[in-house]
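A.B. asks: Here's the letter readout for the chains.
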Amino acid sequence: MSVLLKLNNIETFIGQYHILQGVSLEVKKGEVTVLLGRNGAGKTTTLRTIMALNPASKGSVVFRDQEIQNLPTYTIAQRGIGYVPEDQGIFAGLTVEENMKVAMQKDNEETHKRLDYILNLFPDLKKFWKKPGGLLSGGQKQMLSIARAYVNENELLLIDEPSKGLAPIVVEKVMESILQMKEQTTIVLVEQNFMMASTIGDCFYIIDDGRTVSNGTMKQLKEDEEMKRKYLGIA
Amino acid sequence: MELLFNLTLNGLATGMLIFLLAAGLTLIFGLMDVLNFAHGGLFAWGAYSGIWIYSTTGSFIIGILGAILTGFLLGIITEKWIIKPVYGNHVQQILITLGLMLVLSEMLKVIWGPNQLSANPPDYLQGSWEIGGMIIIKYRVFIIFVGFLVFAGVQYLLKNTKIGLVVRAGVMNKEMVQALGINIKKVFMFVFMIGSGMAALGGVLFGPYSGVIHAGMGMEFAILAFIVVVIGGMGNFTGSVMAAILVGLSGSFMAYYVPELSLAVNMLLMAVVLIVKPQGLFGGKG
Ligand SMILES: Nc1ncnc2c1ncn2[C@@H]1O[C@H](COP(=O)(O)OP(=O)(O)OP(=O)(O)O)[C@@H](O)[C@H]1O
Ligand SMILES: [Mg+2]
Chain A
1 MSVLLKLNNI
11 ETFIGQYHIL
21 QGVSLEVKKG
31 EVTVLLGRNG
41 AGKTTTLRTI
51 MALNPASKGS
61 VVFRDQEIQN
71 LPTYTIAQRG
81 IGYVPEDQGI
91 FAGLTVEENM
101 KVAMQKDNEE
111 THKRLDYILN
121 LFPDLKKFWK
131 KPGGLLSGGQ
141 KQMLSIARAY
151 VNENELLLID
161 EPSKGLAPIV
171 VEKVMESILQ
181 MKEQTTIVLV
191 EQNFMMASTI
201 GDCFYIIDDG
211 RTVSNGTMKQ
221 LKEDEEMKRK
231 YLGIA
Chain V
1 MELLFNLTLN
11 GLATGMLIFL
21 LAAGLTLIFG
31 LMDVLNFAHG
41 GLFAWGAYSG
51 IWIYSTTGSF
61 IIGILGAILT
71 GFLLGIITEK
81 WIIKPVYGNH
91 VQQILITLGL
101 MLVLSEMLKV
111 IWGPNQLSAN
121 PPDYLQGSWE
131 IGGMIIIKYR
141 VFIIFVGFLV
151 FAGVQYLLKN
161 TKIGLVVRAG
171 VMNKEMVQAL
181 GINIKKVFMF
191 VFMIGSGMAA
201 LGGVLFGPYS
211 GVIHAGMGME
221 FAILAFIVVV
231 IGGMGNFTGS
241 VMAAILVGLS
251 GSFMAYYVPE
261 LSLAVNMLLM
271 AVVLIVKPQG
281 LFGGKG
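One line per chain: the protein sequences are A and V, in this order. 75 is the number that our numbering gives to position 75 of the first sequence; each next residue is one higher, with no gaps. 3 is the number that our numbering gives to position 3 of the second sequence; each next residue is one higher, with no gaps.
Derived from the structure by calculation, the hints contain no laboratory data. For clarity, every value in this text was computed on a predicted model and none was experimentally measured. Take the hints with a grain of salt, since some may be wrong.
Claimed, not checked - Only pairs whose alpha carbons sit at most 27 Å apart, straight line, appear in this in silico BS3-like list of lysine-lysine:
no., chain 1, residue 1, chain 2, residue 2
1, V, Lys162, A, Lys126
2, V, Lys174, A, Lys164
3, A, Lys228, A, Lys164
4, V, Lys185, V, Lys84
5, A, Lys106, V, Lys162
6, V, Lys159, A, Lys130
7, A, Lys101, A, Lys182
8, V, Lys174, A, Lys131
9, A, Lys131, A, Lys113
10, V, Lys277, V, Lys174
11, A, Lys130, V, Lys162
12, A, Lys101, V, Lys162
13, V, Lys159, A, Lys131
14, A, Lys126, A, Lys164
15, A, Lys173, A, Lys29
In isolation and in its complexed conformation, chain A is listed as follows (with noise of 0.2 Å):
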């Protein structure tokens, strides 16, 4: 299978913090690669490194085959990248409808094809189509926010703790949509909920510390008991 993204020994600051010091992962086309790690690792940056939103400082971000860790945070998005933050960056004034206008990129029969096979994935967005964003449900707007990021023809989708503070029902819902899109879509995912983590990924990474140290498949990770103790605090 042929790689989309490389991160190639990625170093990132925030202000003066040293944050990333050295993170390197490949993800395959048609895969979702989990990230894991403590709280505090550096995943969330790590993706914020690729929307280039904390931009690298060393190191190369490769995405089809092209550099793009100086391109500006919209044109990576346009080259293909969609972003769910981990606080999910719904426009709160604005409502479910408006939220999806802005993200929509073209007008064209794609994107609206793209629109409607979303909307019946989560139909609460369709049932709240007129609502302030501001307004839904923890886990409405964390389908907002991945529905906003899927709608344009994006080959990689970046989604960050999708699970965090949602109730298990909500929870399978959200990850029974992910896998759904997962037929269409390369995914990068940051997920602390091991459960929902091994079910959807394929392959994993773990970042400690602002550094990758250890990846595999999903396999291998489900049965390495001294490595979910040591990095993820699973016995």
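Assemble chain V with the ligands onto chain A, guided by the hints.
C.D. replies: Showing chain V with the ligands alone in chain A's frame:
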């Protein structure tokens, strides 16, 4: 009764002029996080260029269009060469825009001389109507009408066009707008241009309203506009029109009953809002 009516009309007209200035300020602050102290300069430039074109061509309408165009141009230039290098740095923004404000007013004096210029409404807007014993000054009604027209137009733009949606989204979350593939810098320039055009329009309308224009007028109105931005909520467009009307009315009534306190009351109002409801009287951003 007639007095109350006239004070109200006067307050509304002044409120609309302040609104034209404040609307741009609030959007520029809300979206771009820029404190633009030169905004009043564009008001004065609108007045001078518009009144000059008006007196040269004899057409008030052409004067108004000329003022708006001047505002657009100065806005684009200001954003591109003055503001762009200092995005994200408030101290530098304050210094450079205050400096620009001084340059703009001094240039007015260089071009049009240090004395104030007089301005009168065109024939068809002079005088008044008399309805049921009440005297209604035409030009005031005209200002209120234009103010509402601009409000409705910009409101439509913000609610119904893609760029308007992007502006509102940008006020709420700039990062996310960019992560969705939108070049927010282009939107910045657009907003700056529209805001500057509105300020210049306010200036040219103010000319015949007060009868004279002078280089310092921008500063005086800018203070009121800043008060309005705070009261209406920074970045809140609808808030800015309501706050402007409030400030206009209070100014008009105070100026009649207790003139010494006219500006103080507005300042006080702003202080109270800052303490009690710092996000503005009219809800959050939007
Ligand atoms: N704006 C910032 N300024 C300073 N330090 C920051 C900033 N943002 C993040 N950090 C630090 O960077 C480190 C990595 O943070 P990051 O959000 O990437 O972790 P994470 O792995 O996503 O954690 P979590 O699981 O809690 O979401 C943390 O130590 C955090 O304190
Ligand atoms: Mg995180």
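A.B. asks: Against each hint, give a clear statement of whether it holds in the structure.
C.D. replies: Hints, verified against the model:
As the CA atoms of V/Lys162 and A/Lys126 are separated by approximately 20 Å, the hinted pair is consistent with the 27 Å bound. In summary, the hint linking V/Lys174 to A/Lys164 is supported, as the alpha carbons are separated by about 23 Å, within the 27 Å threshold. Our distance criterion of 27 Å between C-alpha atoms is met by A/Lys228 and A/Lys164, whose separation comes to about 20 Å. Proximity of V/Lys185 to V/Lys84 is assessed by CA-CA distance (about 9 Å); at most 27 Å being required, the pair is judged to hold.
Restraint check for A/Lys106 and V/Lys162: the C-alpha separation of about 11 Å stays at or below 27 Å, so the hint holds. For the suggested pair V/Lys159 and A/Lys130, the alpha carbons sit about 13 Å apart, so the restraint of at most 27 Å is met. A hinted pair counts as satisfied when its Cα atoms are at most 27 Å apart, and A/Lys101 with A/Lys182 qualifies at roughly 23 Å. About 21 Å separates the Cα atoms of V/Lys174 and A/Lys131, which keeps this hinted pair within 27 Å; it holds.
Under the criterion of a C-alpha separation no larger than 27 Å, the hint pairing A/Lys131 with A/Lys113 is consistent with the structure, at around 22 Å. Distance restraint check for V/Lys277 and V/Lys174: the Cα-Cα separation of roughly 24 Å lies within the 27 Å cut-off, and the hinted pair is therefore satisfied. A threshold of 27 Å between alpha carbons decides the hint, and for A/Lys130 with V/Lys162 the separation of about 16 Å falls inside it, so the pair holds. For the given pair, A/Lys101 sits about 7 Å from V/Lys162 by alpha-carbon distance, which is consistent with the 27 Å threshold.
Distance restraint check for V/Lys159 and A/Lys131: the Cα-Cα separation of roughly 14 Å lies within the 27 Å cut-off, and the hinted pair is therefore satisfied. About 23 Å separates the Cα atoms of A/Lys126 and A/Lys164, which keeps this hinted pair within 27 Å; it holds. Note on A/Lys173 and A/Lys29: the hinted pairing holds, with a Cα-Cα distance of about 24 Å set against a maximum of 27 Å.
Checked against the numbered hints given earlier, this structure breaks none of them.
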